[in-house]
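Visitor: Chain by chain, the residues run as shown.
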Amino acid sequence: GQNIDQPTEMTATEGAIVQINCTYQTSGFNGLFWYQQHAGEAPTFLSYNVLDGLEEKGRFSSFLSRSKGYSYLLLKELQMKDSASYLCAVSPYSSASKIIFGSGTRLSIRP
Amino acid sequence: GAVVSQHPSWVICKSGTSVKIECRSLDFQATTMFWYRQFPKQSLMLMATSNEGSKATYEQGVEKDKFLINHASLTLSTLTVTSAHPEDSSFYICSARDNRGVHSGANVLTFGAGSRLTVL
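Note that the protein sequences, when read in sequence, are chains A and B. This note's numbering numbers the first residue of the first sequence as 1 and each following residue consecutively. This note's numbering numbers the first residue of the second sequence as 112 and each following residue consecutively.
The shape of chain A in the complex, shown without the other chains (with noise of 0.2 Å):
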C-alpha cells in the first residue's frame, strides 16, 4: 500500500522559521510534491523533488533523502498568509501524473 505521513497541526511565529516533516512508503518512486491549500481553496504547487538534496525557492525551500523515505518543507520569514495547509504527495507510479497526498499539515500563523 501507499502511506505518506506528516503532522497534523503546527504553530509557528511571524517572522520565524518552520520545517514540515514528511515520511514515505510506496510502491514505487517517481517524485515527491509539495502542495499549499488554504481553507476551502484549491491546492497550488509549491516545490518538486525527485533527487536527494535541497531545492530553494524564494522563502520556501524542500529537501528530499529517498534512502530515507523522507521530506521536509523549509518556510523562513513565516508572514500571516503563510497561515495554510501543507500537503505532501507522492507520484509512486512510473507513469503519468497519478500522485497519492498525505493528510495535509494545517499551520497556523501567531503575530
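Derived from the structure by calculation, the hints contain no laboratory data. Built from N, CA and C at the ideal position, the CB exists for glycine as well. Incorrect hints may have been included.
[Claimed, not checked] Beta-carbon label-pair distances, calculated as ranges:
| no. | chain 1 | residue 1 | chain 2 | residue 2 | range |
| --- | --- | --- | --- | --- | --- |
| 1 | A | 41 | B | 140 | 23 to 29 Å |
| 2 | B | 150 | A | 7 | 18 to 24 Å |
| 3 | A | 38 | B | 131 | 32 to 38 Å |
| 4 | A | 76 | B | 112 | 31 to 37 Å |
| 5 | B | 168 | A | 3 | 20 to 26 Å |
| 6 | B | 172 | A | 70 | 25 to 31 Å |
| 7 | A | 50 | B | 193 | 36 to 42 Å |
[Unchecked claim] Which chain B residues face chain A? A few, computed with CB under 7 Å, are given here:
| no. | residue |
| --- | --- |
| 8 | 154 |
| 9 | 155 |
| 10 | 173 |
| 11 | 219 |
| 12 | 222 |
| 13 | 223 |
| 14 | 224 |
| 15 | 225 |
[Unchecked claim] With the C-beta cut set under 10 Å, the calculated list includes, among others, these residues of chain B facing chain A:
| no. | residue |
| --- | --- |
| 16 | 147 |
| 17 | 149 |
| 18 | 156 |
| 19 | 187 |
| 20 | 189 |
| 21 | 227 |
Let chain A serve as the given structure and place chain B on it in line with the hints.
Guide: Below, chain B without anything else, positioned relative to chain A:
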C-alpha cells in the same frame, strides 16, 4: 500558466438527484485528468483517473456506477454523482497536467478551484 476551470463552484441538491461537475483545461490539452474528493479538514483522496477517449480508472473503494466520469475531449472531463445522498456531500477537485510547463519531466498538476457539493 496552466489554468483548470471547474464548474459549478458550489451546488446544493436534493437526495436522490444527480449532479454533474465539469472540469476544463483552458489553455492546454489534457489527455488525463484526475478527480479528488476532500472532506472537511482532511486531505485529498484520489477517486479516479479520467482518460480521454477511454474508460476512467477508479481507485479501490470508489463506485464507478455512482461516480460517472466522461472525458469526451482533450479539454473536458465531467464527473456525475448519481443518486446523490448526504454522505456524498464533499469538496470535489479536478486536476490536469500541462506538459508544456516549466517543470517538464515533473508530473506537476494544476488544480481546479473545486466544487462544493451539499446534498440535502
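Visitor: Determine for every hint whether it applies to the structure shown.
Guide: Hint-by-hint comparison with the structure:
1. Range check, residue 41 (chain A) to residue 140 (chain B): about 25 Å between beta-carbon atoms, so the 23 to 29 Å window is met.
2. Remark: the range hint 18 to 24 Å for residue 150 (chain B) to residue 7 (chain A) is upheld by a beta-carbon distance near 19 Å.
3. The beta-carbon spacing between residue 38 (chain A) and residue 131 (chain B), approximately 26 Å, falls outside the hinted interval of 32 to 38 Å.
4. Between residue 76 (chain A) and residue 112 (chain B) the beta carbon distance is about 24 Å. The supplied range of 31 to 37 Å is therefore violated.
5. Separation of residue 168 (chain B) from residue 3 (chain A) is about 21 Å and conforms to the stated range, judged on CB atoms against 20 to 26 Å.
6. For the pair residue 172 (chain B) and residue 70 (chain A), the supplied restraint of 25 to 31 Å holds, since their beta-carbon distance comes to about 28 Å.
7. Between residue 50 (chain A) and residue 193 (chain B) the beta carbon distance is about 39 Å. The supplied range of 36 to 42 Å therefore holds.
8. Hint status for residue 154 (chain B) relative to chain A: holds, with the closest Cβ pair at about 4 Å, below 7 Å.
9. Taking 7 Å as the C-beta contact cut-off toward chain A, the hint placing residue 155 (chain B) at the interface holds, the least distance being around 5 Å.
10. Because the closest C-beta pair between residue 173 (chain B) and chain A is about 14 Å apart, greater than 7 Å, the hint is violated.
11. At a threshold of 7 Å, the smallest CB-CB gap from residue 219 (chain B) to chain A is about 5 Å, leaving the interface hint in force.
12. The restraint placing residue 222 (chain B) at the interface with chain A holds, with a minimum CB-CB distance near 4 Å, inside the 7 Å limit.
13. Because the beta carbon of residue 223 (chain B) sits about 6 Å from the nearest beta carbon in chain A, less than 7 Å, this interface hint is met.
14. Proximity of residue 224 (chain B) to chain A holds as hinted, the smallest CB-CB distance being about 5 Å (cut-off 7 Å).
15. Because the closest C-beta pair between residue 225 (chain B) and chain A is about 5 Å apart, less than 7 Å, the hint holds.
16. For residue 147 (chain B), the interface hint holds, since its Cβ comes within 10 Å of a Cβ in chain A; the closest pair sits about 8 Å apart.
17. For residue 149 (chain B), the interface hint holds, the least distance from its beta-carbon to any beta-carbon of chain A being 9 Å, beneath 10 Å.
18. The interface hint given for residue 156 (chain B) holds, since its Cβ lies 8 Å from the closest Cβ of chain A, which is under the 10 Å cut-off.
19. The restraint placing residue 187 (chain B) at the interface with chain A is violated, with a minimum CB-CB distance near 17 Å, outside the 10 Å limit.
20. A distance limit of 10 Å between C-beta atoms decides the matter here; for residue 189 (chain B) the minimum to chain A is near 18 Å, and the interface restraint is violated.
21. Because the beta carbon of residue 227 (chain B) sits about 8 Å from the nearest beta carbon in chain A, less than 10 Å, this interface hint is met.
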